[in-house]
Amino acid sequence: MKTCLVVDDSSIVRKIARRILEGLNFQVIEAEDGVDALVVCKKAMPEAVLLDWNMPVMDGYHFLSHLRRMPGGDEPKVVFCTTENGIDHIERAMDGGANEYIMKPFDKDIIAAKFQEVGLIELPEESPV
Amino acid sequence: MTPPDYEYLRKLLKDHSGLDLSADKQYLIESRLLPLSRKCGLAGIGELVQKMKSGTPAIVAQVVEAMTTNETFFFRDKVPFDHFRDAIMPEMLKARAARKSIRIWCAAGSTGQEPYSLAMCLKEMSAALAGWRVEIIATDLSQEVLEKSKSGIYSQFEVQRGLPIQLLVKYFKQNGELWQINADIRAMVQHRQLNLLHDFSQLGAFDVVFCRNVLIYFDQDTKINIFGRLARTMEADGFLVLGAAETVVGLTDVFKPFPDKRGLYRPSGARATIAPAAMAMPKIAAMGR
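Chains D and W, in that order, give the protein sequences.
Going by our numbering, the first residue of the first sequence is number 31, and it counts up by one from there.
Going by our numbering, the first residue of the second sequence is number 65, and it counts up by one from there.
Derived from the structure by calculation, the hints contain no laboratory data.
One thing to keep in mind: the hints can contain errors.
As the list claims (entries may be wrong) - Just a sample of chain D residues kept apart from chain W, beta carbon distances all over 10 Å, derived:
| no. | residue |
| --- | --- |
| 1 | Val58 |
| 2 | Asp63 |
| 3 | Val69 |
| 4 | Met100 |
| 5 | Asp104 |
| 6 | Lys144 |
| 7 | Gln146 |
Unchecked claim - Covered stretches of chain D (chain W as the covering partner; in silico rule of three or more C-beta atoms under 8 Å from a C-beta of chain W):
| no. | segment |
| --- | --- |
| 8 | 106 to 117 |
| 9 | 126 to 134 |
Note that CB positions come from ideal geometry on N, CA and C, so glycine has one too.
All chains should be built: construct the whole structure from the sequences, respecting the hints.
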């Protein structure tokens, strides 16, 4: 089972994301800011990170640049998941090493589509119509 | 779902939308209407039918909408677009090297996600296509749907389903919560209103036809008839792309499956037999009016 680290300062968002990701067969670890998330990654690199941008202590963008410089830190697929929906933010995130980008609000279909996009989950069996 | 409930829904859909479900489309009704019945707080399709029979027009409208709206997203099912890039286009680049032109038809273009996905694929391979003329014709039954397609404007939800973020950044302009696909991509797609039941030979000959998730709505004779007319409007070495749940196998021999590429077909060279077309013609006339 693949592991996904959910980094968001909102416990509600973490809970929703957990439910969706567990439905997609991920083992979920939660962190409420970038520093917290780095501690998790130092212990064991997750396969995936679902990452908020604006958080206290350390934001998602800074977490990402720290992560990518850690040994093995280029391994996890990082998918931003944020209310920052401006094209400038998206470009900055992608230049900073993110693999995909979700603009909140999100739902299960969006998470599944984006996770497929970066190869974290297989394409679903094509359903009729 | 009980047989009487199925019959009731079949008749209602035919009366309200012309949608003609054959006797074996229970799964289609269930996949569309179970989510709707849950949304309405009902236990299942039985309760939904009860509610409709008790004369709730709002529910009837929602049922028709759920059954006829073909939800679509960019790069839907992904695989057909991989085939387009890795199998169809390389072969077309060779086969059409002399005349340097390719004509593509999206026969159920809907709100534009499919033709624009193809346009983006082509843009991504523009180096190989320098000096080529590539036409994409998107047709749909609904004028309203075509207008949306022409505008190229999509919600934040729509651009996040199937569209890689790199392509969003590259080919769309943001306007608040809405995203519009760039004018140069829009200009690659021509739109026409068209009912597949009617003659479409005036569109000319095509090298590639995407006809996905629309034939499923037609009865068997109509399908056979459409396949026959599709084959006639396609180049002998062209490609037909069908939806994941669709096939020509067992229906017609005018197309043959392309080896190892699911959903991909080529004209077989066989002529459509007259009988099925003739059988289907009266129905076409009846449904077209």
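Verification of the hints:
no. : hint       : verdict
1   : Val58      : holds (21 Å)
2   : Asp63      : holds (24 Å)
3   : Val69      : holds (28 Å)
4   : Met100     : holds (24 Å)
5   : Asp104     : holds (18 Å)
6   : Lys144     : violated (7 Å)
7   : Gln146     : violated (7 Å)
8   : 106 to 117 : holds (count 3)
9   : 126 to 134 : holds (count 4)
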